Structures are given as structure tokens and as C-alpha cells.
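Hints given; two lone chains; assemble the complex.
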Amino acid sequence: MSELSVNHLLGIKYLQEKDIQLIFETADHFKEVINRPIKKVPSLRDITIANLFFENSTRTKLSFELAEKRLSADVLNFSSSQSSVKKGETLIDTVNNILSMKVDMVVMRHPNPGAGVFLSKHVKASIINAGDGAHEHPTQALLDSYSIREKLGDVRGKKVVIVGDILHSRVALSNIFALQLQGAQVMVCGPKTLIPKYINELGVKVETNLRKALNWCDVANMLRVQNERMDISYFPSTREYTQQFGVNRDLLDSLDKEITIMHPGPINRGVEITSDVADSKQSIILDQVQNGVAVRMAVIYLLASKIKQ
Amino acid sequence: MSQKVLLNAKEVNIILHRLACQLIENHNDFSNTVLIGLQPRGVFLADRIAKILKEDYKVENIKLGYLDITFYRDDFRRSEKPLEANLTKIDFIVEEKNIVFIDDVLYSGRSIRAALTAIQSFGRPNEIELLTLIDRRFSRHLPIQPDYRGRQVDVINSEKVKVNWKEHDNEDSVYLIEK
Chain A
2 MSELSVNHLL GIKYLQEKDI QLIFETADHF KEVINRPIKK VPSLRDITIA NLFFENSTRT
62 KLSFELAEKR LSADVLNFSS SQSSVKKGET LIDTVNNILS MKVDMVVMRH PNPGAGVFLS
122 KHVKASIINA GDGAHEHPTQ ALLDSYSIRE KLGDVRGKKV VIVGDILHSR VALSNIFALQ
182 LQGAQVMVCG PKTLIPKYIN ELGVKVETNL RKALNWCDVA NMLRVQNERM DISYFPSTRE
242 YTQQFGVNRD LLDSLDKEIT IMHPGPINRG VEITSDVADS KQSIILDQVQ NGVAVRMAVI
302 YLLASKIKQ
Chain B
24 MSQKVLLNAK EVNIILHRLA CQLIENHNDF SNTVLIGLQP RGVFLADRIA KILKEDYKVE
84 NIKLGYLDIT FYRDDFRRSE KPLEANLTKI DFIVEEKNIV FIDDVLYSGR SIRAALTAIQ
144 SFGRPNEIEL LTLIDRRFSR HLPIQPDYRG RQVDVINSEK VKVNWKEHDN EDSVYLIEK
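Protein sequences, first through last, are from chains A and B. Just add 1 to the spot in the first sequence (first one is 1) and you have the working numbering. Just add 23 to the spot in the second sequence (first one is 1) and you have the working numbering.
It should be emphasised that the hints constitute simulated quantities derived from the structure, not laboratory data. Since we're looking at a predicted model, the values are computed, not measured. Careful, some of the hints might be misleading.
To be verified - Simulated restraints, written as ranges between beta carbons of each label pair:
(1) A:184 <-> B:74: 24 to 32 Å
(2) A:26 <-> B:168: 33 to 41 Å
(3) A:238 <-> B:114: 50 to 58 Å
(4) B:98 <-> A:17: 24 to 32 Å
(5) B:78 <-> A:73: 41 to 49 Å
(6) B:200 <-> A:288: 43 to 51 Å
(7) A:91 <-> B:165: 44 to 52 Å
(8) A:281 <-> B:101: 42 to 50 Å
(9) B:114 <-> A:114: 40 to 48 Å
(10) B:98 <-> A:249: 49 to 57 Å
(11) B:25 <-> A:4: 25 to 33 Å
(12) B:115 <-> A:213: 48 to 56 Å
(13) B:101 <-> A:91: 30 to 38 Å
All residues carry an ideal CB built from backbone N, CA and C; glycine is no exception.
Okay, chain B solo, but in the shape it has when bound (with noise of 0.2 Å):
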């Protein structure tokens, strides 16, 4: 198994910075506004925009969510492993909110399809739009493409794109890795 850095540490850093910078070009200041990250490796990038956007950028009452979307996933008893739940966290009403989704990898966009519908349950937004640190470029099964987007590669079926977070696995980094 190899692996091949696709970003480092600091080109990490000023992606993130970015894409907040363009979050707030979008939604000033929030008031409508709410961030939910995808369980389970969603979270910790929505973590880290949510808390540049407090520290740095100054914008207050950042509603900041966790949706699970486990059992709106597509591949219930198709996939060899069995479906591990996660925490859903979502205390504040969507309905008639700009929501925005982020995920660290947007890959064939069922997560995403499965998302879409798993917010219903929590209401009828006014728009949703999709943040993504990676996104693979042609290898999507459905017609969904990210609003903000990271850095966009080219990998085949057989690598995967790993995102690792300081808070997890010790440093912020993206490997390609070579199954």
C-alpha cells in the first residue's frame, strides 16, 4: 500500500480560510444560516470552518449541526460491512434556513442523496448547498456537484483519498492511498 500527500498541513490551512472567506461572500452574517457536517468524517471539517469563522473572522451565533445519514443510505444490506450508526445533533429548526452541508470528500454523492433526504426530516429548508474539502472529479453516480469546493483531484476506483484532522489522527493532512 502506497500513499502520496495531495495537501499538506498548511495548504490545509489556507483552504480552510477560503472557503469560510467565501461562506461569508455568500451568507454575511449568518442569520439565516446554519452549517450541518456529515457523520461521521464530515464533522470534524465543520468543526474547523464554524470555529475559524467565530475566531477569525469575527461572525457571531454560528448555528453549527451533525446529521447521520446512516439510515437513509442506499446500500442497506448491499454493502459487505455492516452500517454503524452516529450521533445526530441538530437542536435548532431548519425550516425556511439557507443550510449548508460539508463533507471532507465528495465521492459518488450518494452521502449526499441520502442527506437531501435526511434533513427533511428536520424540515423544509429554503436552499441547501454543499461544501466539500476534496472533491473527486469524474466519479459521480448522481448529479450532484459541490457550491464550495476545496481542491478538486483526479484518483481512480482503486485509491482512496484519506483526510486526516489534527483533533483525530494528529495532523491535518490529504493522502492519496494506493489500495
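Isolated chain A (complex conformation) (with noise of 0.2 Å):
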């Protein structure tokens, strides 16, 4: 198998087990790449790629734009906040806009759960959803995933707990679909108000003490509390969800192991992770940031060798 099943990233939900072994063996190579001397190979030189991002991003765009310039692609950069989307234009005529520009493959983000799938069902180009609203964040997923791998030597058999804003979270949804394929356990902690209600059917298990999680674990993957998408209250105050479910070293200490810690970034220091802890040597979250690039490139890499000439 040296081919993805997919023409489209839109979720992990449509992946195979064996398309994530391709990516990331496809990524282990472009990982060796990107610590040579000269960072970059020639093989997307006749690709074209939008980035087209409908919603703030850092890291994710950043991410995305190194990964393509790494792979020689040319790049177009699009956010919403400059565009014609703010005079009315709809989703399809933007894309088409900027695909009739011969662009062959378009990174978005989208406040809308679900624009991708409908992308792709209306424009001709390859297209890798970099988070659509609280549905999935795929390569977020997959460089988690890797940055496993990479630490633990294997995924299967590995107990992960996602900690915190499960309900706002496509981190958490597209990690949940990732780490199971793979043969991993999942179990999601936090406050009840923001644990979805049907969690249970995804097979994952559900605790509210974070002690107790962590002492079950293996991985603890922090999110972030995202204020920006809630409307209304769902815990008392930031320093109660911090007192519950903040990780900090004295708490890490009192475990019976070891376990890995990680933040799929932006982190708010002092709330769900302190600072010793996030820039301790159980945390991998520069080394994710890192992985990041090589797995995006092997996701751009793959579906860009099944556009067709």
C-alpha cells in the first residue's frame, strides 16, 4: 500500500487504520528532510495550493504554509478578515474564484462544522480540512498521533486521556477517531457541562476526576477552555476549572508513573497546564509543533501524487 484511500483530508473519520501508517511513514522520511542543511525537495513544483483560512489560526496556518513551501508548492494566502466574504460573496464562489487561478489543492478552516465535505462535493480540487468549527481538526490528530509514536514507540495498546473542553473540541473529536484506529484507549475528563452527552457511544470512557485519569494513563493530551465559542457559563469560575482540572507538578508528582504530557497549543499558562509542567521534560508540545510540519507534508505529499495530470 503506498496509496492513500482518500482524494480529500476531510476527517479521520474517513481514514483507515493503514492510510495513517502511510502518512506517518511518509512523515517519518520528511521528518529526516526537514533536519538537513537545506530544508526543502522539489516535488510539488507544479502544485498549487490556497490556504484559505475563515477563522484565526497561528500555528495551524503556519504550519501548513512551511509544509507546502518545504515541498517547493507555490502558496496563496487567504483569510477572510481581508476578503470579499465580508461583501456577501457565498463559500463556493470564493473557492471557485480562486480555483479557476489553477489552483490543484485547498487547505481550509471553517467556522462551519461539515464546509469541507461540502467543498468537496462542489469544487474541483483536493481538499484538507485544517478545523472545521467543533467537528475536526484532522492533521492536529495525526501529528498527536505521530508525536505518540514517537515518544512510546507504538500507539496500540497506549491509554490517552483528553483532558478538558471536550464539547468545543475538534482536537478532541478527530483524536478520539485517530487514537482508536490505531488500537489505542480513550478516555475524556473534565467538567460534566462539557463532556458532550453522547460521548459513550464513541466507546470512550468518561471520568470526572482528573487524578484519577491521570493515574490511568499513559498520555494526557490538555485542551485549551475555548471561550470564544461558549455562550453561556459552564463552570463557576476560571480559577475553580483550573483548581479541578489544571495540571500542575505537584499533582504529577503525586502519580504513581510517569505519564506524557500534551497541548495541541494555544496554551493559556496557569489555567489547564502550568508552566512547569508544559516546559517540563514529560511535556512534548514543541516536539508536536515540530511533527507537525513533517506530518502535514506527508498528508499534502500523498494527496497531491493522486491529482491527476
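Here's what the structure looks like:
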């Protein structure tokens, strides 16, 4: 198997386990490439990629742009705040206008769940979902699993707890799909108000006591509280949230074993994670960022190889 | 599908020793030389040449690396089969070094063109030479010729040259296969 089973990366739920393995094996090669003195390969020199960001992003946008440039693709950047979307243009019109400039691939972040799927049915380009509302963020989940594989050797059989705002998190959903596909056990932990009602149907464990959750797991993926998506109050105060669901040094030292700490960023230091934990040896947060470029290069490379000339 | 033996194990062995001697003639003690096997099939030949240099001719300090050219190929999205990458292992600096590229069969020359681009990511070598076991004559698409050649053969386009190695294919041999 050296080809993906899909033509777009819309979500982890559309992938098979062998797709993830192929992406990881390809990412291994790209990780070697981006550690060379000259970090660029010419593979995609005849491919043009548009990065359409209808929602704010720092890390993901920079990571995609760097991955595209490392593969020698031509890159167009678009963010909705500076565009005609503000003048009332529809999504399909915006994208078709961009595609008429001979663009082969679209990387899109959009506030509406399913925006990527919708687009893939209406335009002729390979689509990569860089986050659609609270639905999926597949490349983040892939780089998270890749980082676990790098640190612990394998994802299969590992116990991973996702802590925090599960309700508003596309990272949580994509991670649950990706980890389960690779044979890991998944638990979610957070205030009851921030755990979706039907989460049990996904086959994950639910825990509201952080200490118990951390004692169970090999890896803890700490999520940010997404205040910008909260229209009502889900917990009494940030201080109380931190006391119950924030990770600090004392808590980690009191556990039976040493666990690995992850965070997809951006970090709210002192809320879900303290600085001494985020910057400690147990944390692989910056490895996640570096692996993000290699994994995105792999995804773009593999999807580009399926674009017919 | 019919096949014909071009070289048997004994002939392969004689040729490998001759190629090793030719390398020693030009590179003396190999102090400023690195051998680079091209993935996927060139690495078997590179391993073998390095072994002969070390064991039979007592050349110390052979520097051997593997270079994968997948991401530098010019047939990405053009070939029928998806391109699969292999391991690149170059744990030394190639700056100002004399490089010998090693591959089993030289055909169109496009792999070597890709390798010439790929190696630049590791620095600026002093010079680059090419060693191949089989040189397919009259088939080049690019102005590339080997500096060290095992055997030159005339093969038509519909035929394939297959090099087998004891470590990987149970025997040392070269076959001409008619597709």
C-alpha cells in the first residue's frame, strides 16, 4: 500500500488504519528532510495550494504554509477578514474564483462543521480540512498520534486521556477517532457541562476526577478552554476550573508513574497547565509542533500524488 | 516472460573486485571520499563494494551513506505507480568531499539527475563520480555517463535488466528479462 484510500482529508473518520500508517511512514522521511542543512524538496513544484482561513489560526496556518513551501508548492494565502466574504460572497463562489486561477489543492479552516465535506462535493480540488467548527481537525490528531508513536514507540495499546473542553473541541473528536483506529484506549476528562451528552457512543471512558484519569493514562492531552465558542457559562470560574482540571507539578509528582503531557496549543498558562509542567521533560508540546510540519508534508504529498495531470 | 543470464555469481564477483580496484586507483586511502548508494537497489552494490574495500583491500575509514531520491524525481504524478520513499542515511558532511554515487543499473539517467539535486541538500561536494554495475547503452535521456562501469549491455526498451544480490535475492546474478 503506497496510496491513500481518500482524495481529500476531510476528517479522521473517513480514513482507514493503513492510511494513517502510510502517512506516518511518509512523515518519517520528511522529518529527516526537515533536519537537513537544506530543508526543501522539489516534489510539488507544479502544484499550487490555497490556504483559506475563515477563522483565526497561528500555528496551523504557519505549519501548513511551511510544509507547502518545504515541498516547493506555490502558496496562496487568504484570510476572510481581508476578503470579499465580508462583501457577501458565498463560500463556493469564493473558492471557485480562487480555483479558476489554476489551484490544485485547498487547505481550509472554517467555523462551520462540515464546511470541508460541502466544499469537496462542489469544487474540483483536493481539500484538506484544517479545522471545521467543533467537528474535526484531522492533521492535529495525526500529529498528536505521530508524537505519541515517536515518544512511546507505538500507539496501539496505549491509554490516552483528553482533558478539558471536550464539547467545543474538534481536536478531541479527531483524536478519539485516530487513537481508536490505531488501537489505543481513550478517556475524556472534564467538567460534566463540557462533556458531550452522547460521548459514550464513541466508546470512550468518561472521568470527572483528574487525578484518577491521570493515574490511569500513559499520555494526557490537555485542551484549552475555548471561551470564544461559549455563549453561556459552563463552570463557575476559571480559578475553580484550574483547581479541578489544571495540571501542575505537584499533581504529576504525586502520581504512581511518569506520564507524557501533550497540548495542541495555544496554551493558557496557569489555567489548564502550569508553566513548570508545560516546559518540563515530560511535556512533548514543542515536539508536536515540529512533527506538525512533517505530518502535514506527508498528507499534502500523498494527496498531491493522487491529483491527475 | 523469458529471461537470459547476463552475469553469473563468479562474473559478478570478478567485476566487483575490478571496480573496487579502480576506486582505489583514483581515491587512494579514501580520506576525502564518500560512497553513496542510491535507494532502493544501489545500496546492495554500495554495501558490497564497501565490504570488498574493507576486507579484501584493507581500506580503513570507508564512509558509506544511502540517498533516497524519491522526492527529487521528475516523474511525480506522471508514473502509473505511486512513488514510495526509502531511508536516507548520510551521517557525515559532504562539503568539499569527493562523492561516488553507486547504483546497479544506469538506464535513462533520470535517477542520477535526481540524485545530483538531492545531494545538494547535504552540502557542496568537491566532485561527484558515478559507479554502476550495468550500463544500458543507447538508452540515455540525459547527458550522464558512468565513471566506473561493470558491464556495458545493449538492451532494447521492452527488456528489463534485473540485478540480484545474495543478501536479498539469494544469489548474485544479472538477468535480462523480456517483458
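Verification of the supplied hints:
Separation of residue 184 of chain A from residue 74 of chain B is about 41 Å and departs from the stated range, judged on CB atoms against 24 to 32 Å. A hinted range of 33 to 41 Å for the beta carbons of residue 26 of chain A and residue 168 of chain B is consistent with their spacing of about 35 Å. Separation of residue 238 of chain A from residue 114 of chain B is about 54 Å and conforms to the stated range, judged on CB atoms against 50 to 58 Å. For residue 98 of chain B paired with residue 17 of chain A, a C-beta distance near 27 Å keeps the hint of 24 to 32 Å intact.
Hint check: residue 78 of chain B to residue 73 of chain A, Cβ distance near 42 Å, so the stated range 41 to 49 Å holds. Here the CB-CB span from residue 200 of chain B to residue 288 of chain A is close to 46 Å, well matched to the stated 43 to 51 Å. At roughly 49 Å, the beta carbons of residue 91 of chain A and residue 165 of chain B sit within the given window of 44 to 52 Å. The hint said 42 to 50 Å for the Cβ distance between residue 281 of chain A and residue 101 of chain B, and at roughly 48 Å that hint holds.
Against the hinted window of 40 to 48 Å, the Cβ-Cβ separation of residue 114 of chain B and residue 114 of chain A comes to about 46 Å, which satisfies the hint. Against the hinted window of 49 to 57 Å, the Cβ-Cβ separation of residue 98 of chain B and residue 249 of chain A comes to about 54 Å, which satisfies the hint. Checked against the hint of 25 to 33 Å, the pair residue 25 of chain B and residue 4 of chain A passes, with Cβ atoms roughly 31 Å apart. Our hint of 48 to 56 Å for residue 115 of chain B and residue 213 of chain A holds, since their Cβ atoms are close to 51 Å apart.
About 36 Å separates the C-beta atoms of residue 101 of chain B and residue 91 of chain A, a value consistent with the hinted range of 30 to 38 Å.
The structure is inconsistent with hint 1 alone, although it conforms to all the rest.
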